[in-house]
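So you can see what is in the structure, the chains are spelled out below.
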Amino acid sequence: MSEAAVRIVDLHKSFGDLEVLKGIDFEVQLGEVVCIIGPSGSGKSTLLRCVNRLEEPTAGQIFIEGEDITHPDCWVDDVRRNIGMVFQRFNLFPHLTAIENLMVAQRKVLNRSKDEAEKVAMANLERVGLVDKAHEYPINLSGGQQQRVAIARALSMEPDMMLFDEATSALDPELVGEVLSVMRQLAEEGMTMLVVTHEIGFAKGVADRVVFMDEGIVMEEGPPSQVLVDPREPRTREFLRAVLEEGI
Amino acid sequence: MNWWRSLSRRRRGEIIRIVIYVIFGLLVAGLVGVIASRWDIVQDALLKPDLIKGLFPEIITIALKNTIIFTALGFGGGLIVGLILALMKISPYAPIRWMSTVYIEVFRGIPLLVWILLIGAALPLALGIRFTGLYTKGAIPLGLVAGAYMAETIRAGIEAVPRGQMEAARSLGMSYGQAMSSIILPQAFRIIIPPLTNELVLLLKDTSLVSAVGFTAQGVELTRFVRNAVQDNANATPMIFGGMVYLFVTIPLTQLARVMERRAARAR
Ligand SMILES: Nc1ncnc2c1ncn2[C@@H]1O[C@H](COP(=O)(O)OP(=O)(O)OP(=O)(O)O)[C@@H](O)[C@H]1O
Ligand SMILES: [Mg+2]
Numbered sequence: 001m002s003e004a005a006v007r008i009v010d011l012h013k014s015f016g017d018l019e020v021l022k023g024i025d026f027e028v029q030l031g032e033v034v035c036i037i038g039p040s041g042s043g044k045s046t047l048l049r050c051v052n053r054l055e056e057p058t059a060g061q062i063f064i065e066g067e068d069i070t071h072p073d074c075w076v077d078d079v080r081r082n083i084g085m086v087f088q089r090f091n092l093f094p095h096l097t098a099i100e101n102l103m104v105a106q107r108k109v110l111n112r113s114k115d116e117a118e119k120v121a122m123a124n125l126e127r128v129g130l131v132d133k134a135h136e137y138p139i140n141l142s143g144g145q146q147q148r149v150a151i152a153r154a155l156s157m158e159p160d161m162m163l164f165d166e167a168t169s170a171l172d173p174e175l176v177g178e179v180l181s182v183m184r185q186l187a188e189e190g191m192t193m194l195v196v197t198h199e200i201g202f203a204k205g206v207a208d209r210v211v212f213m214d215e216g217i218v219m220e221e222g223p224p225s226q227v228l229v230d231p232r233e234p235r236t237r238e239f240l241r242a243v244l245e246e247g248i
Numbered sequence: 249m250n251w252w253r254s255l256s257r258r259r260r261g262e263i264i265r266i267v268i269y270v271i272f273g274l275l276v277a278g279l280v281g282v283i284a285s286r287w288d289i290v291q292d293a294l295l296k297p298d299l300i301k302g303l304f305p306e307i308i309t310i311a312l313k314n315t316i317i318f319t320a321l322g323f324g325g326g327l328i329v330g331l332i333l334a335l336m337k338i339s340p341y342a343p344i345r346w347m348s349t350v351y352i353e354v355f356r357g358i359p360l361l362v363w364i365l366l367i368g369a370a371l372p373l374a375l376g377i378r379f380t381g382l383y384t385k386g387a388i389p390l391g392l393v394a395g396a397y398m399a400e401t402i403r404a405g406i407e408a409v410p411r412g413q414m415e416a417a418r419s420l421g422m423s424y425g426q427a428m429s430s431i432i433l434p435q436a437f438r439i440i441i442p443p444l445t446n447e448l449v450l451l452l453k454d455t456s457l458v459s460a461v462g463f464t465a466q467g468v469e470l471t472r473f474v475r476n477a478v479q480d481n482a483n484a485t486p487m488i489f490g491g492m493v494y495l496f497v498t499i500p501l502t503q504l505a506r507v508m509e510r511r512a513a514r515a516r
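First to last, the protein sequences are chains A and B. Just so we're aligned: the first sequence equals residues 1 to 248 in our numbering. Just so we're aligned: the second sequence equals residues 249 to 516 in our numbering.
So that you can see chain B by itself, here it is in the shape it has in the complex (with noise of 0.2 Å):
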């Protein structure tokens, strides 16, 4: 112990960020060893490459295409829904602004997946709805839940924008509604960029949920489609290759989120 404390601060770094590393090493070479060993059972589990094979090209024509088209609906839904949401949080009437904050915090407040399943399945059999189009029924309440979450973002990005752009524009003679659609949701949009394309990226993989209530084959996403492939073949390959499916859009996503971040950190 006297010998710990005779080190300099420095030098101790040095050596936890050793021990650190020489760690993180061993558990990494322990890990790929235990693989490597039994190459052969893991692959069968996990990577089997003709189980892989076949799960092309219905990966990417259906699957992918679909978790991208939830992805689209959603947020478009959610991006109207929220735009609606943070008009309102600014009123300045205060019964719009309540109506505002319980939407938000309603559709908050209960998971996304109850959501789902009240809209795409309870809803529908207590009422006798049947929806048209392949994707309604997930889209819905995927694009309600995420206008909540978008809607603070939103606001803030309305509420970045200086004071004095909304006065010259309505001292031209433009209305409220003309300065915001011309002169402040510009600004706002480009503020908020990077964090709607976090937000993105989180509906992305929300939209494994809707896999809870059936789709025609037409209509299956990413998640269904392999949770699918796994009981046809009771091996868990075709769930770890979607995996990396995901992985293969989300990365690129969040790499540009950040690469925008720092961008506008840097025009400020």
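Next up, chain A with everything else stripped away, as it sits in the complex (with noise of 0.2 Å):
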């Protein structure tokens, strides 16, 4: 049996008394796309921070690949690597050029060669549009270009997943069709994806499955064509249309 590329079983995460997450249960296979959707503060980002254990969970227990990566054994730069990260704001590192943000983990962590390393990162960067900006530091690229650069830095480890947080949340409109674009193309490639976003065409357009979660729990999961149009769940209509008459 092949395992899948996350199981999320009973995970339960507090700040101090603040229960943000109250039990979540799901899977993602491998190559699945699956969309978070919810309102503000349901602990959809601490969901994502705690598969790659940027938080650690309280309980539970969260499965890469078959791998418990809760247990006290599991050395987390090893679960890291292999799980790319997309942030809202981006996060570039501003002291280096889009390709020496490229290069910087594959050098130190997977200790490639410069040859190498910038190799991967121009191929990256091709991936991406980004080719003739490889040189320029981050505070010379738009908002959209800058997102580009962290979608194919995380690319440059060459993950077998990849967790966007919003990624398009921080940007101006006009410069949301580029991001979402790249997301889609990987999406098309195969990639595993766990992707948080208000982008609910983009959720119907190229999610496997869609889960709506409010509250720190998955209130509604299914195929988009389900939950985005024909949801189950009073909260689930409810929060829909919010988010689409914001849209407008």
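All clues given are correct.
The list that follows gives simulated cross-link-like pairs (lysine to any residue, SDA-like), each with its CA atoms no further than 20 Å apart:
#, chain 1, residue 1, chain 2, residue 2
1, A, 22, A, 39
2, A, 114, B, 426
3, B, 453, B, 492
4, B, 453, B, 359
5, A, 114, B, 429
6, A, 114, B, 430
7, A, 22, A, 233
8, B, 313, B, 463
No wet-lab data here; the hints were simulated from the structure.
Take the two lone chains and join them into the complex the hints point to.
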């Protein structure tokens, strides 16, 4: 039997007295694109950050390709190098050029030679259409370009899976499209993706499955044609109406 | 008094400023006058040309050179000690943070001169240690104390780097140490270059305190060098000129720090 890319079992996370995740269960299969939607504060970012252990789960288990990453013996650096993460605020390294941003972890973590790291970096900048910006510093790039560099940076580690935490929320509207199209292309190439997003159109077009989270639990999940078009739960319907109105 | 009150606020300001200029001008003119009227005596006691000439070249080739070497050693040592203390201060483990705090308090709370006398003279005497190396016994207390002062600056620099930087680096699989050394610290040090330059100036002046313990003729720094010259000649000229040599180095450095501070403020 082939293992799920991610299997989350009864995951709980509290910050002090505030319980943010109240028992999450779901799976992501290899090559699947799962979009997580839900209102602000429902715990979407926290869930995503637990998957690469940027947050320590309070209870429950997370299996990545069968390995329990919440186990004390699990080495988090090894988990993380196989999971790419893209942040809302890009988080490029401002003291490094675009290509250096793509090379630094390859050199340090994967011990790649300078030439090899450079070759991989260039190939990934090509993938996101930014070869001509290779030697620019982040400050000289638009938000959309910075986010594409951030995606290329994660891809340079050749991860098995990518996490996106509202990758387009900090962007001016006219720059959202270029980032979404890179993400779409990645999905078509068969990358396993866990995507927190408010872009319902993207979820409809690209997701294999949509998860609706509310107040720290998974309210509803299923194919986009069901969750996004004909949701079972009244809360989901309400949320979608609010998001669509906001979009107008 | 009525006349004063009848003036506009701006006019009053003008008058006050004129009064200040006049007083300051009179003081300077008086001082210059006194010095000028007794120029030969003043010059003989404080600025004797042949005594100044006699300080060269050793005042540069030995004394200033050694001052700069003590500064560099103290600064380099201070950076290493300060970096270690700063990293301990942001540790998740409370006892590690406390150890750092205790070190910082102890080394800042006791005067540098006491550390120099203790490490440079008292301890070696008591324990029978002999420092090898021309600069060791001066550089060690300078570095240990400078580190205590720099620790807070470095920590502030580390904490000024946005949290997302560490998270991004860790999410790429980098270890804490790798993320610190290749992502966080380069940004932190860029932020703290201006305050570090100010600390470099303070340290440069503080190297004069190592003159309290003995060094060989090859190891004397500026203050000890001019002090010896004062004693040999029973004349203050070498000390005055030594002060000028300090200014010759410190003024450009403080100006440099100011320029960098302004540039950093604009970049933000
Ligand atoms: N480090 C933290 N310490 C304390 N509380 C936190 C922390 N991180 C998140 N929270 C809280 O956890 C709750 C869920 O946050 P989370 O960021 O996961 O929500 P979200 O669904 O991603 O929301 P958004 O759509 O606004 O990004 C919020 O109430 C938030 O204030
Ligand atoms: Mg969020």
